[in-house]
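**Q** Chains A, B and C supply the protein sequences, listed in that same order. Numbering follows numbering that gives the first Met the number 0, with no gaps: position 25 of the first sequence is 24. Numbering follows numbering that gives the first Met the number 0, with no gaps: position 32 of the second sequence is 31. Numbering follows numbering that gives the first Met the number 0, with no gaps: position 254 of the third sequence is 253.
Since the hints were made in silico from the structure, they are not lab data. Backbone N, C-alpha and C fix where the C-beta goes; we use that ideal spot for every residue, glycine too. The reader is advised that the hints may include incorrect statements.
These stretches of chain A come out as covered by chain C in the derived footprint (C-beta under 8 Å, 3 or more residues) [to be verified]:
1) 2-10
2) 16-25
3) 115-122
4) 170-177
Facing chain B, from chain C, some residues (calculated, C-beta under 10 Å) [what the hints assert, rightly or not]:
5) F7
6) P10
7) A13
8) V18
9) D24
10) H32
11) P64
12) G65
13) R95
14) G116
15) T119
16) L141
17) S143
18) R178
19) G211
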Amino acid sequence: MLTLASDFGSPYPAAMKGVILRRIDARLVDIAHDLPRQDVRAAAFWCRETLPYFPPAVHLVVVDPGVGTDRDALVVRAGDHALVGPDNGVLLPPARRIAGGSGVELECFRYEYADPGSSTFHGRDVFAPAAAAVHEAGVDALGSLDATAPIESFAPGSPAETVVDCRFPEPEVSAESARGEVLVVDDFGNAITNVPGSFLDGREGETLSVDGTPAAVVAAFADVDVGERLVTVGSHGFVECDVNRGRGSDAFGLAPGDDVRLVAE
Amino acid sequence: MLTLASDFGSPYPAAMKGVILRRIDARLVDIAHDLPRQDVRAAAFWCRETLPYFPPAVHLVVVDPGVGTDRDALVVRAGDHALVGPDNGVLLPPARRIAGGSGVELECFRYEYADPGSSTFHGRDVFAPAAAAVHEAGVDALGSLDATAPIESFAPGSPAETVVDCRFPEPEVSAESARGEVLVVDDFGNAITNVPGSFLDGREGETLSVDGTPAAVVAAFADVDVGERLVTVGSHGFVECDVNRGRGSDAFGLAPGDDVRLVAE
Amino acid sequence: MLTLASDFGSPYPAAMKGVILRRIDARLVDIAHDLPRQDVRAAAFWCRETLPYFPPAVHLVVVDPGVGTDRDALVVRAGDHALVGPDNGVLLPPARRIAGGSGVELECFRYEYADPGSSTFHGRDVFAPAAAAVHEAGVDALGSLDATAPIESFAPGSPAETVVDCRFPEPEVSAESARGEVLVVDDFGNAITNVPGSFLDGREGETLSVDGTPAAVVAAFADVDVGERLVTVGSHGFVECDVNRGRGSDAFGLAPGDDVRLVAE
Numbered sequence: 000m001l002t003l004a005s006d007f008g009s010p011y012p013a014a015m016k017g018v019i020l021r022r023i024d025a026r027l028v029d030i031a032h033d034l035p036r037q038d039v040r041a042a043a044f045w046c047r048e049t050l051p052y053f054p055p056a057v058h059l060v061v062v063d064p065g066v067g068t069d070r071d072a073l074v075v076r077a078g079d080h081a082l083v084g085p086d087n088g089v090l091l092p093p094a095r096r097i098a099g100g101s102g103v104e105l106e107c108f109r110y111e112y113a114d115p116g117s118s119t120f121h122g123r124d125v126f127a128p129a130a131a132a133v134h135e136a137g138v139d140a141l142g143s144l145d146a147t148a149p150i151e152s153f154a155p156g157s158p159a160e161t162v163v164d165c166r167f168p169e170p171e172v173s174a175e176s177a178r179g180e181v182l183v184v185d186d187f188g189n190a191i192t193n194v195p196g197s198f199l200d201g202r203e204g205e206t207l208s209v210d211g212t213p214a215a216v217v218a219a220f221a222d223v224d225v226g227e228r229l230v231t232v233g234s235h236g237f238v239e240c241d242v243n244r245g246r247g248s249d250a251f252g253l254a255p256g257d258d259v260r261l262v263a264e
Numbered sequence: 000m001l002t003l004a005s006d007f008g009s010p011y012p013a014a015m016k017g018v019i020l021r022r023i024d025a026r027l028v029d030i031a032h033d034l035p036r037q038d039v040r041a042a043a044f045w046c047r048e049t050l051p052y053f054p055p056a057v058h059l060v061v062v063d064p065g066v067g068t069d070r071d072a073l074v075v076r077a078g079d080h081a082l083v084g085p086d087n088g089v090l091l092p093p094a095r096r097i098a099g100g101s102g103v104e105l106e107c108f109r110y111e112y113a114d115p116g117s118s119t120f121h122g123r124d125v126f127a128p129a130a131a132a133v134h135e136a137g138v139d140a141l142g143s144l145d146a147t148a149p150i151e152s153f154a155p156g157s158p159a160e161t162v163v164d165c166r167f168p169e170p171e172v173s174a175e176s177a178r179g180e181v182l183v184v185d186d187f188g189n190a191i192t193n194v195p196g197s198f199l200d201g202r203e204g205e206t207l208s209v210d211g212t213p214a215a216v217v218a219a220f221a222d223v224d225v226g227e228r229l230v231t232v233g234s235h236g237f238v239e240c241d242v243n244r245g246r247g248s249d250a251f252g253l254a255p256g257d258d259v260r261l262v263a264e
Numbered sequence: 000m001l002t003l004a005s006d007f008g009s010p011y012p013a014a015m016k017g018v019i020l021r022r023i024d025a026r027l028v029d030i031a032h033d034l035p036r037q038d039v040r041a042a043a044f045w046c047r048e049t050l051p052y053f054p055p056a057v058h059l060v061v062v063d064p065g066v067g068t069d070r071d072a073l074v075v076r077a078g079d080h081a082l083v084g085p086d087n088g089v090l091l092p093p094a095r096r097i098a099g100g101s102g103v104e105l106e107c108f109r110y111e112y113a114d115p116g117s118s119t120f121h122g123r124d125v126f127a128p129a130a131a132a133v134h135e136a137g138v139d140a141l142g143s144l145d146a147t148a149p150i151e152s153f154a155p156g157s158p159a160e161t162v163v164d165c166r167f168p169e170p171e172v173s174a175e176s177a178r179g180e181v182l183v184v185d186d187f188g189n190a191i192t193n194v195p196g197s198f199l200d201g202r203e204g205e206t207l208s209v210d211g212t213p214a215a216v217v218a219a220f221a222d223v224d225v226g227e228r229l230v231t232v233g234s235h236g237f238v239e240c241d242v243n244r245g246r247g248s249d250a251f252g253l254a255p256g257d258d259v260r261l262v263a264e
């Protein structure tokens, strides 16, 4: 199984699929191709929230603002999963989540690639064939993988410390308040913060101030009237600022990267 | 085969796919994940117009404004198809269409589910594993299905009468006029009404008034000039108010739920 | 393998997939369903840039402004690939590119179809079943294919000369300047011209005037600052007018079909 995630929109992902299917006969599953454009942190977030649900697979993740520069190409092994993409941090948060679930250590491999056909579409010319090669070899073989076109050399066991990482900001949480950040806004308009859901423990039915705007703490969207603001623990385990059948990001005036302060009332 | 329809946008459907593929090895086919948000009637319409074209399959349909409330979870059997989703009416119009084609009766089953991981994403935590369980058991086994995680209990043969239904409004049609409603506007901007296409029988080449705006009755878009309004029998069998290479909804000023009056001129 | 490309948006492609999967058990791969609406040239461009990456396959391409008129239905064979769609030019540029890569001649076949269920959705009622029939028969059998529902008659070897073609405009290129046209704007906002990338040979690091606006000639987006204009050879081999992490179409004021003049400074 091979999953694909990118910010490529349409129809570029189809070229990657063609490249892969010329090389291997694998089930392909799209994660998303409308990830926030060239936003490594958002891509890392969404891959962390989706890839761990999959059975063992090779995960191709290409959000790559440094395409065509000398940034490295990476394979990260997390147990019986492998993640393939640029060395810009996008692979590590999902890899850690996958590994955390199975108690394994990450292994990071860099590889050199032959001069690709383009300097603007390494998804097609570098990462897709590399993911196919990894899929064909099998995740277990990564430690002993020889160079296989388009992989010209493969450096097993590169220490994770030298790999570009992506860390999410840490919130400040006390008993009565929390200061965090909006990590992403999803397609429903839900403003998903980095404040852990546990901050809402025991507060259901209370009112919380979100940057001064009051909102009910509830378990389900339908616990408030249509169009009303709410605060809840979202499916990612974080505090979300939402609106029942509306867009929380608009109602609370929150965008990705915004600071947000939650205070018990 | 397992089809997926939702209003989840991206990338939430990927989490559902991961959950399913961890449990079963089935072909997955996306119906749509951009169904009009939390609009049960529109989702029922679009599923009715697409699911019956499929060979026997399990159809996962999650448009679920009541997520996290005590609305029931449902499996509807229609011959050798099964539809899985919330008990809010979204499953019945497509199930009736499938059953109507094969002359079978619908069977409705409720099930209780274990406390899910979230109260906001039952697509991932309740319905996807339930659909996988139904797929694994086989549609024929539904009548005798034992509880299988995440299905804690399964009530075979619940009478269809106690299930939440979704009915489309009935138009008033006479020889010379029809009063109906816009059911949906599709991605082309075609305003699809509930007036049966038979209302246009014998009127090709004539002009029809749509809420007072005249438009030609034609068989094909290209029968009028680019940018011109037209009325035709759409692929769903209903009267549509369209524009050749334009958006009928804009040109006629029609939105879903609007009343529309068609009068022969 | 059967690929699908259309301008149908969502969820109409699902109906095509159902129709196909009722007839054959083939791997389906979406190319795109948000091709520029009813724009045959843009669809031909994007299919030319994606289909040739695939292994042997049947490619269903439906961008069909003439749906319901008497335009013909076509199968084009290019080696071990076959393209199925309307006879409006959309199939020939990708077929030529596929054939060019393998040195084969194109063969074009027209077919008559039974009266379809609709005059507005031949993707579902004519082309999808035809593509399934071609897939089932096998590309090698095209020359001797008998009529198979929904194909009522099949005319092998229709000369390519009588088929509607789609040709892209030719640029005028000299040593110091080029006059071309914007073929498409992609989802990143890159304005892709018809000027061959070779025009930029040896100019890396120089400045080029794009309709009077200066821009650096670079190999990679990240070679200029975020938000800066650039000119590069895109992944299609053409000169593109782009912005690093921005939209070139906006920054240069370029839309599909616009003339563009590039002059060395």
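**Q** Now tell me, hint by hint, if it's right for this structure.
**A** Right, here's what the structure says about each hint:
1. Here the segment 2-10 of chain A counts 4 residues with a CB under 8 Å from a CB of chain C, which clears the bar of 3, and the coverage holds.
2. With 5 residues having a beta carbon nearer than 8 Å to a beta carbon of chain C, the segment 16-25 of chain A meets the requirement of three or more and the stated coverage holds.
3. Closer than 8 Å: that is the beta-carbon criterion, and the segment 115-122 of chain A has 5 residues meeting it against chain C, so the requirement of 3 holds.
4. Interface restraint, the segment 170-177 of chain A with chain C: violated (0 residues with C-beta to C-beta distance below 8 Å; minimum three).
5. Interface restraint check: F7/C against chain B, minimum CB-CB distance 7 Å, threshold 10 Å, status holds.
6. Here the hint on P10/C is kept, as its CB sits about 3 Å from the closest CB of chain B, short of 10 Å.
7. Hint status for A13/C: holds, given a least beta-carbon distance of 4 Å to chain B, under 10 Å.
8. A hinted interface residue such as V18/C counts as satisfied when its beta carbon comes closer than 10 Å to some beta carbon of chain B; here the least separation is about 5 Å, so the hint holds.
9. Checking D24/C against chain B: minimum C-beta separation of about 9 Å stays under 10 Å; hint holds.
10. Taking 10 Å as the C-beta contact cut-off toward chain B, the hint placing H32/C at the interface holds, the least distance being around 9 Å.
11. Here the hint on P64/C is kept, as its CB sits about 6 Å from the closest CB of chain B, short of 10 Å.
12. Hint status for G65/C: holds, given a least beta-carbon distance of 5 Å to chain B, under 10 Å.
13. A hinted interface residue such as R95/C counts as satisfied when its beta carbon comes closer than 10 Å to some beta carbon of chain B; here the least separation is about 26 Å, so the hint is violated.
14. Nearest Cβ of chain B to the Cβ of G116/C: about 7 Å, under the 10 Å cut. The hint holds.
15. At about 5 Å, the closest approach between the beta carbon of T119/C and any beta carbon in chain B falls short of 10 Å, and the interface hint on this residue holds.
16. Residue-level restraint check for L141/C is violated (minimum Cβ-Cβ distance to chain B is 25 Å; threshold 10 Å).
17. Interface hint at S143/C: violated, since its Cβ lies 28 Å from the closest Cβ of chain B, which is beyond the 10 Å cut-off.
18. Residue-level restraint check for R178/C is violated (minimum Cβ-Cβ distance to chain B is 28 Å; threshold 10 Å).
19. Evaluation of the G211/C hint against chain B yields a violated restraint, the C-beta minimum of about 33 Å exceeding 10 Å.
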